[in-house]
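Participant: As they're listed, the protein sequences go chains A and B.
Heads up: the first sequence is residues 1 to 647, going by the working numbering.
Heads up: the second sequence is residues 1 to 647, going by the working numbering.
Every clue listed holds true.
No copy labels: a pair is met if it fits in one copy or bridges any two.
Capping the alpha-carbon separation at 25 Å, the derived lysine-lysine pairs in PhoX-like fashion look like this:
id	residue 1	residue 2
1	Lys585	Lys528
2	Lys591	Lys341
3	Lys582	Lys25
4	Lys385	Lys591
Because the hints were derived from the structure by calculation, they are not lab data.
Only a predicted model underlies this, so the values are computations on that prediction, with no experimental measurement involved.
Chain residues, written in single-letter form:
There are 2 protein chains.
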Amino acid sequence: MDPINNGEEETSKKEISRCSIDVHKVAPPPQRSSFEKLKSRLKETFFPDDPLRQFKGQPSKRKWILAAQYAFPILQWGPNYSLSHFKSDVVSGLTIASLAIPQGISYAKLANLPPIVGLYSSFVPPLVYAVLGSSRDVAVGPVSIASLILGSMLSQQVSPAKDPLLFLQLGFSSTFFAGLTQASLGFLRLGFIIDYLSEATLVGFMAGAAIIVSLQQLKSLLGITHFTKQMGILPVLSSVFHRTTESMKRPKLFWVSAGMPLASVILSTIIVFALKAQNHGIDVVRILYIGKLEEGLNPPSWNMLHFRGEYLGLVIKTGLVTGIISLTEGIAVGRTFAALKSYRVDGNKEMMAIGIMNIIGSSTSCYVTTGSFSRSAVNHNAGAKTAVSNVVMSVTVMVTLLLLMPLFRFTPNVVLGAIIVTAVLGLIDLPAARRIWRIDKFDFLVMLASFFGVIFVSVQLGLAIAVGMSIFRMLLQMTRPTTMVLGNIPGTNLYTNLHHYKDAVSVPGFLILSIQAPINFANANYLKERIMRWMADYEADHITHHHQLQGIKQHSTTSLHYVILDMSCVSALDTTGVTLFKDLKKALECKGVELVLVNPIGEVIEKLERAESEAAGSIILRADLVYLTTAEAVAQLSSAINLKMMM
Amino acid sequence: MDPINNGEEETSKKEISRCSIDVHKVAPPPQRSSFEKLKSRLKETFFPDDPLRQFKGQPSKRKWILAAQYAFPILQWGPNYSLSHFKSDVVSGLTIASLAIPQGISYAKLANLPPIVGLYSSFVPPLVYAVLGSSRDVAVGPVSIASLILGSMLSQQVSPAKDPLLFLQLGFSSTFFAGLTQASLGFLRLGFIIDYLSEATLVGFMAGAAIIVSLQQLKSLLGITHFTKQMGILPVLSSVFHRTTESMKRPKLFWVSAGMPLASVILSTIIVFALKAQNHGIDVVRILYIGKLEEGLNPPSWNMLHFRGEYLGLVIKTGLVTGIISLTEGIAVGRTFAALKSYRVDGNKEMMAIGIMNIIGSSTSCYVTTGSFSRSAVNHNAGAKTAVSNVVMSVTVMVTLLLLMPLFRFTPNVVLGAIIVTAVLGLIDLPAARRIWRIDKFDFLVMLASFFGVIFVSVQLGLAIAVGMSIFRMLLQMTRPTTMVLGNIPGTNLYTNLHHYKDAVSVPGFLILSIQAPINFANANYLKERIMRWMADYEADHITHHHQLQGIKQHSTTSLHYVILDMSCVSALDTTGVTLFKDLKKALECKGVELVLVNPIGEVIEKLERAESEAAGSIILRADLVYLTTAEAVAQLSSAINLKMMM
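With the rest of the complex left out, here is chain A:
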């Protein structure tokens, strides 16, 4: 394909292109074997961040060091860890500990697990993460969402009140499978799966979950006895939303939000202790010592994991959902603060870290943990430098476990309930909702879907619906791709969207379309229909136009001679797509119109060539019907039209 370069004709095209045009060849695509293509495709799919880049061209000894550092990020920052670092890490560590202890107890209650498990879970996992995790700001521990999901999903089949030991075992087992899910997602480089939980989905989901939790807690707070979601929801919602607005601001002055919970716990505990209130009907925490749970540090729990039996399905399902949701939170937190301090967090590696953390946790009496939004923010604001702040926190929790446990006997439940509610209400992100509404209406719909899905249907289904909607929209975009009509900006070589740029004018004799998506089975038929319609529009316009001009222009020049398809954006083509071009070619020939391609990418050229070598038909890739730019195509072809007219 080598367009004839004909200089004379172009000089007459001044009105179309101001500066003279010489035609450039559309180069044949570089030769690559199917295997090479497959390889690069797989690389893009699974290693978009090219994690092994740093190893390239390094001496083998260095490679080993890098590998070790890659596996254990602690080796990266460990060596040059300074005293000043340590100081700020201690401060932030103690700060998040003061949050982690009350929240740990509360979230464990939320998951219908013995409160002490919440403390266990704030002791071991942080240590593991400090060694494996690559984020410097994430504060690890139990989180409200995961606790809620775990509790509610398991409660569907087992009553935590009737059979607490079994429930505890299932909790640990689910944690194991959650960890397994997370680790394998990371190991298989399938991290992108969590991207399908879009921002809209999560905003709606969190809010919905928050509502449910607060209602459950308000039940105990307000001491309501018979209280079903449906009946309670409408009256309570308003008040809830009212109180949200304050709790949105609070995170700003984080010292308060950091101090408050512990303060209230201590205060209330002292009061109860002093007044012996627990004997006067104030409901206080019972640190249940079920099974092997005793005072002191985490007892082993691997012998409590269920790998068979009737509940295997339940724990696997629970583990899957909890794992993915908590993973989403953890990764999001990591990415957020990494962006803030501009260091990189390898998503897939982070998933492995969190996964291993939970697998180990499940055999040391911990339930699902991940990076917590709220505590990480506090951690960051308190000036955390490295994962050492997690270690400090975990040590503080250890001390609590060893010495202070007995005191918690006097902590009133109502305080914990309050802590949970204030914590989860922070999950209702109204500004985000407003932003989503303003930017993208459909995303807002998705958000509502997951919000109401979670509240009125179920955690899993709510998410499923929202994700399904998002995917459906993508498919629709693919099925109905944009086709732009391009027009020339007089006195230039520019061709821009005719319906967006007022000063762009359509070139008589040409219909110039830009197709904005890969062409495949889902949209080939549509594109044919649509192009035909654009042609009909063109005819209509120019016939009326013709009438207006009282036949000053002769119809032959204004009538359609060429349909130019700007293929720059057609990033892929499948067999059905190839067929489209054949059909289109045929359909146009019947109308005496030529099909012209502009700037097709390598893959497209290749596939069209193959198709032609197959079937002897009208050739699409004819040299004089393929150009690199629209300007060149128009320049060349309009001179061709003029020649036709002269004859």
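Assemble chain B onto chain A, guided by the hints.
Facilitator: Okay, now just chain B, sitting in the frame of chain A:
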């Protein structure tokens, strides 16, 4: 946003752009309300072919006529129907009748229905289609695929041998629901759903179905008694595939393929009749007169339809699958010949026609019918001009029903079996398979999936798997969109794919990327990773380059100053996509690199503006960081770089 237009500086950019550049504004998008957007979006989704175009600006009387013609295409060609038309329609009508009669009987057997139902189904539906259908070449009647699916799906729950009457009723009921499905798909303008059965899927599916049918028939042909698919399949496949190649050629000399079946039926019937062979153990057709089926024309059957009871689910499922598959064949046939003779077929209207045809059919003792590939081809080649050829065929069948039925008592089954096998083997399209393999390897996989799915799993699941794979691939394309690095072709304003065009060179100080897909939740994270990686590559290249040149270039000019994103192909943006730009902006600022956008479409501009009006952050749409073309951006900004360097 109004880039400063500075003429002097550009004159120094000769090496980058030969003909002088003046900068054009990126126009703000035309104001459109959300409602207008929704409206046009819906129009594109459901009325891409703009069926009401012809009504525009017509006098109301004319509108009524057009409406009538739209509803009943017969009114379009009826008035100017000539004798010459009639002649050729009679010829072609008789030709397809000679195919329809034996095939009708055979396919009815294939569907485990009484053979006479096959003749009924070649009588009423063609008449209905002649009135409603808009294709001039389609020959309507029972088809092998639909018959196979109907038979096999119903047989899963009801034995045609044990309870033939019930089976017949279920057959009619399924036909009703098939018709309902088809009509409503058309009425709701959801025709595009059948596009999701891609060419690859269908080629594989047809071939698989053909194999199953032939095996079933060979069973009776070869008189094998105990014969399961799995055991028989491998030995038989080869011979089957061998015989295909001939049966591929046959359609060419269509008179043979048209005459053969009837000839063989008549001949064999006469022989059997003469030799009284039926008394000597030759198995002959039994026209079962179950229920109301008697000699003569179609008896009513609406009283046989099941709208409740235990089998409702079965018939609905069967109707859905059969309906969609037969619809696919019918529409494909219509489109093919419409393209050949260059007249339009309105897909959705055609669906309504086929749907109504089947609904009426279901209450006149007909089972699922549609436009048949093979017979339509014969019809076309025999010179059919209008749907009258269908009428002629139907009349011929009527005569047969009234007079010739008794003779069929002597037609040997083996002949019908042979007819079926030869017919269905024509469905194995090896050249298509080869073409798919050459053009697109993944499509070939899809084809294999549906082929083996149908053979070894089930009709529904085989299809489901294939469609699932095709959709998964689209999602993957969306999740991992192409990002091209653009380079300048020296002495021009052209910027083309650096890795495709050898003569393109990268512009020092700039990284120019073209993003080839809508940006949304599924790919935002990937794009960030990928862009960061391109930047790392740039740095790497230019540092080595720098060393090679022994520091002749000073590093400051070669180091990265601007990342230019060519947004021409970003046809949509969601909230997550907006966030990407914020993050990217931030990430680049840390490296002292500016983010430049080129030619963003209206929607993108709009959403970014909204996002900025929301959050006070670093502005993305800064006047001097948005350009209409890459050339202009480079020209302006490289002068900016030079200025920086001088200071």
